[in-house]
Each structure stands twice: as structure tokens, then as C-alpha cells.
Amino acid sequence: MELITVNDLSMQFGQHRALDSVDFTVHHGVTGLVGANGAGKTTFMSIALGLRAPTNGSIRVLNLEPVSDGAQLRSLVSYGPERNILPDEMPAVDFVKHLAELRGIPRKEAKTRASDVLWLVGLGEERFRPIGTMSTGQRQRVKLAQAIAADPQLVFLDEPTDGLDPLARDEVLTLIRQVSEEYGIHVMISSHLLEEVEQICDNIVILNAGKLVAAGQLDKLTGESTGLEIELIAIDDYPNSIEDVQVALQNAGIRVLHEPESTILRIPDGSPELLPDLIRDAVADSGARLKRLEHRRRSLEDIILDVPS
Amino acid sequence: MSNAGNARILERGYRKFDGQRLGIVSAIWSTAWHTTRSIFGLGRKARHKFFPMAVLGITYLIVVIQLAIVFFFGGETASFLTTDSWGMVAPAIVMILFAALVAPDAIVRDQKDGMYSLYMSTPLTKSTYLAAKTLSVAGSILLITFGPALLYLLGKTIKGLGPNGIGAWFETFGRLLLACLLVSLFLCAFALAFSCFTNRRAIASIVVFLAYVGTNIPSWILYEETTIGKNILLINPIETAYEFGARLCNAESIVNEYGQISTSLVTLGFFAWLIATCSIVALTYRNREAI
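Protein chains in written order, with my numbering: chain A, 390 to 698; chain B, 619 to 909.
If you're looking for bench data, these hints aren't it; they were derived computationally from the structure. Be aware that one or more of the hints could be misleading.
[To be verified] 25 Å max Cα-Cα, derived SDA-like pairs, lysine to any residue:
1) B:Lys634 x A:Gly573
2) A:Lys600 x A:Thr432
3) B:Lys634 x A:Asp483
4) A:Lys500 x B:Thr654
Put together the whole structure using the sequences plus the hints.
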């Protein structure tokens with residue numbers, strides 16, 4: 390199922406090109422919109438919500454055209470803003486209820502859903518507290534609660550872990566994953582933190598200065614092997630053991646990369662059939678101990694770094 | 619004895635919503651109601667209730683005391699009830715004070731606390747958002763324009779001081795309602811136009827009041843010190859609106875000098891100001907980024 394289809398999308402602000410002929414498709418699940426600050430993430434979200442008309446190209450979200458079908462689209466999608474500023478005096482439950490009503494939920498239903506969804510995000514006991522008295526982590530949960538209270542098909546969350554400590558960040562990411570897996574709500578999160586995107590996303594869209602770097606399923610993008618990685622344990626009795634393994638493999642005609650002081654050897658050119666046997670023999674002969682042997686996969690960082698600047 | 623009859627399910631978990639979603643009209647009403655509650659400080663700290671409730675309370679208290687005196691003592695005390703219907707509407711200074719208090723609260727806070735972005739992520743558009751805010755602000759102003767005047771009209775009717783006949787009563791009522799509606803709408807547009815540039819509520823209120831003073835005083839100076847003539851008074855938006863209300867109600871002019879200006883010019887002046895202030899608000903929001 391295609392949630393978002395983007396064709397040759399460009400957005401120009403004066404001399405600045407925020408999005409430059411971007412093409413990609415977003416499928417179901419959690420999608421990470423990744424890029425540094427100024428990459429065009431928020432601009433893309435505002436276009437996807439129908440709040441801005443693109444300078445060029447087209448976009449369809451849930452098979453609707455965001456600008457002409459904006460009101461209809463925004464009753465089916467939700468948005469959690471990046472800024473952590475919310476109405477301080479309003480109790481969380483009133484805030485969530487009000488936004489659910491705006492997205493078309495009848496008043497009584499909105500009231501019960503607001504409570505239920507605040508329980509879901511772990512703020513059940515705190516739901517009558519004014520938002521201004523809440524911590525940053527609790528505010529992020531309130532933002533998530535308001536975004537899912539109206540049972541949207543798709544949620545846009547702009548930097549949902551901004552300002553959180555690692556523990557709170559993991560909790561919010563787990564909640565987002567839960568929302569997608571258990572309740573079938575598709576989520577697009579924008580982030581500049583690659584590790585959190587790798588942690589929870591099914592799909593990924595990487596932007597750099599308005600240009601598309603990569604887009605697709607995370608497994609497919611990072612799944613291609615880029616050789617083998619051997620991690621060894623240095624043994625005091627055999628101080629040259631790691632270098633010995635390297636030399637033994639090189640003597641067998643295999644290209645081996647080794648950074649000084651590192652315990653990791655990298656074999657970038659795939660894996661000939663006899664390679665495991667060669668490694669086993671080289672390690673045994675050198676007196677070293679093998680800690681890890683695995684196919685090396687590309688990280689998001691590798692994907693970004695592979696792009697010519 | 620079991621308390622099972624009082625038992626409630628507190629947590630029902632997340633559920634899909636299978637019902638019919640309400641449309642844009644519902645979103646507008648919801649926003650207007652939410653804004654009106656906020657304007658009067660309902661669900662907020664006591665200090666937010668003080669000013670709007672004080673202005674409203676004093677306005678209605680005066681009406682109630684006057685009506686009570688008439689009903690309890692009658693006779694000559696009823697003479698003020700014989701004034702025309704527009705004369706019973708609160709003075710312009712009270713109306714602009716109230717507008718300066720309520721309008722900034724309706725829109726300025728949304729800029730400051732991020733609600734504007736969230737509103738724009740719902741089915742509301744910039745124009746429906748402004749419609750909701752106008753509904754709320756103009757409705758709130760109507761409470762001090764039409765509310766007291768209606769009480770006076772009812773008191774007058776009960777005391778048998780006119781209007782005479784059902785037709786005349788409904789004509790007076792209709793004119794009064796239309797005048798109050800249009801003047802409230804204008805006060806709303808005027809206050810929104812001068813408060814939509816900032817995200818500081820207090821500054822917005824001061825700017826609205828200064829805009830009133832800044833158009834009032836020069837209009838009188840130009841009228842009295844130059845030979846431009848009486849029509850120059852139409853550059854004073856609030857007094858022009860007030861005079862327009864009086865003309866709609868077939869009432870006496872608020873100030874003699876305005877009485878010398880033709881009704882068509884007063885009407886033209888009123889709608890010119892209404893369109894100008896509405897345009898300022900519309901243009902400001904057209905260029906305002908939602909996210």
C-alpha cells in the first residue's frame with residue numbers, strides 16, 4: 390500500500406531551494422525522514438499536510454492531493470509539531486480532546502478517547518495536570534497522544550524525541566513502534582538522529598540539502614553485504630596475533646583492511662567459498678581468539694557518506 | 619452492600635473510530651467555543667477571569683440596578699428608559715476596552731503556545747480558523763453591546779414605555795440586533811487587525827487601545843483646527859461605527875458633529891473601515907507560516 394507518492398517535488402523559497410526534484414514512495418509502517426537541520430524535512434511535512442503548495446512536481450498522500458483536498462486529508466492524518474511549546478494552562482486531557490474534536494470526533498467520543506489515549510502513552514494519572522507543569526518527556530507524550538487520539542491513518546511526527554534523555558527517548562520510540570504495529574497507524578517521523586531511525590523504522594527517506602539521498606525499505610538499503618568483519622581478542626602472550634592473521638590472509642591473496650590499534654579486520658571484497666576456512670586456520674595459527682565474524686552491512690551513516698558531496 | 623451500580627470502566631484501551639467524522643462546521647464551532655472559554659478565563663487561573671468578567675459584570679450590574687430602581691420606585695426614575703434603543707448600548711469606550719481585552723487573547727496566545735500550527739494541521743484552513751476566531755470574539759463583544767440593550771428594551775416593554783405595537787417592537791429589536799451585530803463584527807475586526815502583529819498579549823491590548831486613541835484625537839484636531847469639514851470625522855473608526863449603529867437604529871447621533879454627516883457617507887465610512895481591518899487580518903494570515 391502506497392501512503393505517499395512524490396514525483397519531481399521541488400520547493401523554492403526565494404533563492405533557497407528547500408526541496409530539489411525529489412521522487413520517492415512511502416509504504417506502510419514507520420518511516421523515518423532523515424536529514425540534518427535544513428535538509429527539507431519540515432518543508433516536506435508542511436507540503437504533505439497541504440499547508441504549502443510545491444513550486445514544482447506533485448505529491449499524493451493517502452491517494453489525496455494535499456492542497457486541493459487539504460481539509461479532507463487533515464481529518465485522516467495528524468501532526469505532532471517539533472516545538473515543545475504547548476498551551477501551558479490547559480490540562481492534557483482537554484488539549485487532546487479539543488484536537489480530537491477538530492479532527493472530526495464527536496464531543497463525547499473525543500472525551501473518552503482523550504483519556505484512553507493518555508493512559509496509553511503513560512499519562513493516565515497525570516491527564517488532568519496542566520501541560521505547563523509537565524516535563525519535556527511528558528509533553529512529548531502529550532504531543533503523541535493528541536496525534537493519535539482521532540484514530541488517524543497516518544501521523545507525521547516532527548522530531549518526536551527532541552530534548553529527551555536516552556531513557557525517555559527509548560520509551561517514546563517504543564510507543565511510536567507500538568502505535569504502528571498494534572493499532573495500524575502509519576507513522577512518519579523526522580529526525581536527524583540516525584540511530585533512532587534505525588531502531589524503529591521500516592522505511593527510510595534520507596534528504597540532504599533538499600535532495601534525495603536514498604529512499605526505500607530500511608532492510609533493503611542496509612541489507613547488502615559489504616564484505617566480512619572479523620573482530621579478534623588481543624592476547625598478551627601473542628602480541629602480534631592480529632597482525633599475523635592479517636598477513637596470513639593477505640598471503641592467501643585476500644585484501645584485508647586494518648586500522649592501527651584496532652582489533653577489527655575488514656575484508657571488503659565479498660566472501661570466497663574458502664574464506665571461512667582460511668580465517669579459522671589463520672586465527673588458530675596466530676594464537677589469537679575470535680570474538681565475532683559477520684557480514685558487514687551498510688549503516689545509514691554509510692549510505693549518507695557514500696553520496697558524493 | 620455492593621457498589622457495583624457506581625462502577626465505571628476507567629481504561630478501555632485504544633480503539634479504532636468507526637463512526638462518521640464531523641465536518642469543518644463542527645471544527646469551527648469547537649474552536650469558537652474553546653476560544654470563548656479561554657477569553658473569559660474559564661478553566662484558567664483566576665487572574666485570567668478578572669478583566670473580562672469585571673467589564674462584563676460592571677456593564678450588566680449597571681443595567682440591573684437601573685432596571686431595579688425603575689421597577690421598585692417607578693415614576694420619574696423611568697425617564698431614562700424612554701431614550702431611543704441605541705442610547706442603551708454601552709459607550710464606545712467600554713466596547714473598545716472590552717475588544718482590546720478579548721481579541722488578543724483569542725489569536726495572540728495561539729501564536730505563542732504553538733496552537734496555531736496544530737490548528738493548521740487539522741481540517742481547519744486559515745480562513746476557517748479566522749472565521750472561528752471571529753465568531754468567538756464578535757460573539758463575546760455582542761454580550762456587552764446587545765445584551766444590556768436587550769435588557770433595557772425588555773424593561774421598557776414591560777413598563778409599557780414602548781415600542782408601541784408588535785410590529786414596532788420587532789422593528790426596534792431587529793434594527794438593534796443588526797446594529798449590534800455589525801458594530802461587534804467591526805470591533806472584532808479592528809481589534810484583531812491591531813493585535814495580529816505580535817505574540818505578546820499585553821502589547822496587543824495596548825496597541826488596540828492606542829489605535830483607538832490614535833485615530834480619535836487626530837480626527838477631532840483636524841476637524842476643529844482645519845477647514846476640511848465635518849467629513850474628516852470619518853477617519854475615526856470607532857466613533858464612525860458607533861454613529862453607524864445609531865443610524866441603523868434611527869436614533870439620535872452620538873455627537874452633534876456626526877449628525878451633520880449624511881447617512882450614506884457614514885455607511886460608506888463604516889464599511890470602508892470594516893473592509894480595511896478585515897483585509898489587514900486576512901493579509902497578515904495569508905503570509906503567516908503554519909509550520
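Verification of the supplied hints:
1. A hinted pair counts as satisfied when its Cα atoms are at most 25 Å apart, and Lys634 of chain B with Gly573 of chain A qualifies at roughly 9 Å.
2. With a C-alpha separation of about 12 Å, the suggested pairing of Lys600 of chain A with Thr432 of chain A holds against the 25 Å cut-off.
3. For the hint pairing Lys634 of chain B with Asp483 of chain A, the CA-to-CA distance comes to about 20 Å; that is within 25 Å, so the pair holds.
4. A hinted pair counts as satisfied when its Cα atoms are at most 25 Å apart, and Lys500 of chain A with Thr654 of chain B qualifies at roughly 19 Å.
Violated hints: none; the structure is consistent with every hint.
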